[in-house]
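Protein chains in written order, with numbering that gives the first Met the number 0: chain A, 0 to 449; chain B, 0 to 434.
None of these hints come from the bench; they were simulated from the model.
Incorrect hints may appear among the rest.
Unchecked claim - Distance windows between CB atoms, simulated: (1) B:V154 with A:D255: 21 to 31 Å; (2) B:H21 with A:S229: 40 to 50 Å; (3) B:E318 with A:P40: 18 to 28 Å; (4) A:S437 with B:S170: 45 to 55 Å; (5) B:N78 with A:L237: 33 to 43 Å.
Since the model is a prediction, treat every value here as computed from it, not as a measurement.
Glycine included, each C-beta is placed from N, C-alpha and C at the ideal position.
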Amino acid sequence: MMVTSLRPKPGPARSYRFPRFKDETLPTGIRLITAPVGKLPLVTVLVLVDAGSTSEPRGKEGVAALTAAALLEGTTRFDGAELAEKFEQLGTSLESGADWDSAFLKITVLSNKLEEATKLLGEAISTPVFPEREIERLKAERLAEILQLETEPRGLADEKFSEFLYDDESRYSRPDEGSTESVGSLARNDVEQFYRSNYNSGATTVIVAGDISSEDAKKLVIEAFREWPSGSSMHQALSGKARRNRKTAHIVNKPDAPQSELRVGHVGLPRKHPDFFPTLVMNAVLGGLFGSRINLNLREAHGYTYGASSFYDWRRGPGPFVVSTAVESEVTAPALREILTEIDRIRSEKISAEELSLARDYLEGVFPIRYETTAAIASALATMAIYDLPSDYYDSYRTNIHNVSEDAVLKAARTHLHPELLQTVIVGDAATVRGSLSDHSLGEVTVHNA
Amino acid sequence: MQIPVETFRLENGLLVTLSEDHTAPIVAVNLWYHVGSANEKIGRTGFAHLFEHMLFQGSAHVGSNEHFELIQRAGGTLNGSTWLERTNYFETVPSNELGLALWLEADRMGELLPAMTQTKLDTQRDVVKNERRWSVDNQPYGTFLEKMQELVFPVSHPFQHSLIGSMDDLSAASLDDIAQFFATYYTPDNAVLSIAGDFESAETSRMVNEYFGPIHRGKARPPLPPMDLPPVFGKRLRELVYDSVSLPRLFMAFRSPVFGSEAYYAASVASAILGLRRGSRLHRALVRERQVAADASAFTFDLAKGADLLVVDVTARPETSAAQLEEEVEREIDHLHRNGVTEAEVRRATSLIETDLTASLQSAGERADRLSMFATYFGKPGLINEQADRYRAVTAEQVNELISERFGENNRANLIYVPKEGVESERVLAAAGTG
């Protein structure tokens with residue numbers, strides 16, 4: 000007798016609620032969200048400012064990321080090295096950066112070091128001096144990163160895809176951390192000015208999650224931000240205008256590449272959209288899960304790839320919808336054909352009840368697993384703040400997923416997938432790939448040098 | 000901070016560790032098999048990892064890819080990974096689905112072979128070859144791991160060959176190999192099962208006994224060839240790789256004390272002093288002050304047998320040549336070797352490590368994985384609770400002793416990536432090598 004053939008049935012599910020949090024506006028105008036979670040003696044503090052790439056003036060692409068990085072390079076009291084030393088002596092895990100929507104500064108630290116670390120965080124963000132030498136160094140480091148992309152097929156494919164997808168008027172057409180030209184032309188003054196214009200109380204949300212009460216967290220944040228200027232959030236460039244109204248394909252030539260990095264997609268939806276839930280479930284069936292159609296087709300049925308997926312890159316404005324994979328060069332054309340077939344198929348007929356339940360059950364069931372850490376809870380609250388989602392968003396999430404029907408999925412696919420607008424980027428060996436792409440299913444094909 | 004640890008062993012040899020935590024209704028199941036690429040036969044490099052893929056292709060009562068589907072349908076996450084010394088499989092599920100996760104793991108431990116077919120093997124071979132193309136061949140510096148193993152371990156040492164494997168060896172793998180590998184290594188007495196999170200101890204023990212109890216113990220496993228190595232390489236090792244990369248990058252490895260040993264903790268702290276975060280020595284000296292590097296970090300492989308490796312990883316700025324990069328890093332290491340570290344540097348490192356250790360224990364999956372690791376390597380899952388103390392006890396004196404033993408010129412292996420386009424600097428580099 001070996002292992003029993005009887006599959007165990009699940010017991011009764013234990014209830015779960017997303018951590019309780021308090022959401023308030025401080026007298027200074029800062030939005031403060033606190034989630035006391037006392038599992039381990041650990042706290043994450045996340046500061047968000049509406050100062051991401053979409054807040055940049057035209058021609059200054061990269062200044063948002065540069066400014067966020069430069070916050071850690073020196074204050075009126077400490078230089079960059081001293082600041083790093085002080086944070087790290089407290090054992091602080093520290094990160095700063097900017098994405099399309101916001102700039103952020105984040106620390107995770109043991110509770111008994113929280114007070115000191117939060118003061119230091121407030122000091123870094125309130126009294127930066129942006130030393131010229133460090134600004135020039137951070138610029139050079141970004142230029143090195145851009146140079147690395149030339150030989151890094153995945154990053155190159157992502158960047159080229161955005162470039163071919165969006166019109167010049169859209170900020171999304173250009174790299175979020177800037178190009179060689181734009182970063183090269185930035186000066187210390189641009190950083191200083193960007194900081195003065197965008198970093199203020201009305202543009203700031205502070206999130207504290209972990210082993211601390213809401214009252215104590217509030218005291219710490221008020222103290223740390225006592226020098227924070229008042230003001231309000233500035234305009235953001237959220238246009239997602241497409242470059243073309245017909246499908247096209249672009250081969251970015253990497254002679255002798257053993258694989259083709261593929262990106263296929265079009266402009267998607269803004270994060271705060273009434274069809275968010277049906278679109279999320281639709282994408283889970285199409286390419287969002289291991290057991291999704293695109294992955295099972297390309298990986299498990301054909302062995303073309305190590306993995307294939309599709310996703311909506313959610314932003315305040317319409318980020319891209321994209322299918323992403325890397326396939327052996329010789330099977331580039333058939334792999335692309337399978338991707339197009341799957342996009343057509345999910346638009347032409349209802350998904351099966353099994354597919355719907357797989358996607359829904361997964362998204363509902365995995366919900367508590369996503370919020371095990373203070374950093375993950377802070378990040379979920381950040382999503383709520385950045386996209387202006389309702390305060391019961393996480394409490395109603397599972398019901399909203401559960402209410403998505405086969406019909407709603409079909410409607411989302413027909414409304415939000417656009418086969419006639421698909422842009423295809425192939426980073427790979429043009430000599431191997433070009434000839435096989437002659438059936439016009441991808442639209443006009445252009446070859447570019449990397 | 001302590002987490003609860005309960006341990007027992009089934010009659011068939013399966014070591015089981017349990018750690019309860021009822022904060023959220025989720026539970027992690029984690030299995031470590033004490034087999035990795037080190038156990039592969041000549042001509043079968045990459046087999047342990049290919050085999051890991053086959054474990055998701057079904058078993059006697061589970062269809063192809065059904066393992067993934069059942070767990071995701073239950074609202075769980077899952078995966079597996081292969082390393083030189085072990086292979087692990089893990090899922091985190093809502094706590095009322097613990098039975099399913101345990102049963103799926105038991106079914107493939109007990110009866111994998113009825114589900115194995117040539118077609119599945121051929122498909123997964125293609126998937127793995129594409130994994131190799133994606134992560135190694137078509138990725139800048141992607142060959143780092145296999146080139147480093149080749150450079151620092153003697154020929155025929157079990158850690159010397161490629162983990163992902165060569166295309167030829169992957170092509171040669173057969174269903175017979177699958178059957179033999181399974182019978183030899185995928186046995187309860189060569190595995191550890193850890194469960195962490197929201198479960199009830201008595202009921203869980205009952206399920207573990209019911210599902211895993213009937214699986215037969217394995218036969219004696221072939222011993223690994225001798226793993227022991229001298230404490231240092233004995234000379235400088237050096238290899239230049241001209242590759243499709245944009246910037247020169249140096250990986251400098253030191254042979255270091257095995258994972259878990261007393262001296263390992265000093266080595267781990269030395270590695271953090273050198274390259275953990277922006278306040279580390281290399282970042283401060285080479286990225287911030289001298290501005291010759293775009294990035295600098297350091298890490299240990301955490302090998303529990305033979306010898307560990309401590310690796311310094313520094314990427315040049317565009318205007319820095321490979322030769323200059325090597326010289327700058329060597330100078331920093333020489334300085335460290337001569338002058339040692341300060342108590343403040345040790346405290347910075349251990350404070351950062353302690354925060355990371357605590358943060359990692361927030362996740363049920365991480366807890367279970369670490370329990371499995373300490374149980375597999377040392378038979379003591381409870382070591383999970385001693386780590387913070389072990390690090391806090393490290394003194395500057397211990398770190399300096401380690402540095403003086405292990406950071407000399409007779410224990411450095413430099414693996415240097417050079418942009419293919421910049422080959423004119425080849426002569427300069429060759430001259431820079433001191434053999």
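Verification of the hints:
1. Range check, V154 (chain B) to D255 (chain A): Cβ separation about 30 Å, and the 21 to 31 Å hint holds.
2. Range check, H21 (chain B) to S229 (chain A): Cβ separation about 45 Å, and the 40 to 50 Å hint holds.
3. Under the hint 18 to 28 Å, the C-beta atoms of E318 (chain B) and P40 (chain A), about 45 Å apart, miss the expected range.
4. Between S437 (chain A) and S170 (chain B) the beta carbons are some 31 Å apart, a value that contradicts the proposed interval 45 to 55 Å.
5. Between N78 (chain B) and L237 (chain A), the C-beta spacing of about 36 Å keeps the proposed range 33 to 43 Å intact.
Checked against the numbered hints above, the structure breaks hints 3 and 4 and satisfies the rest.
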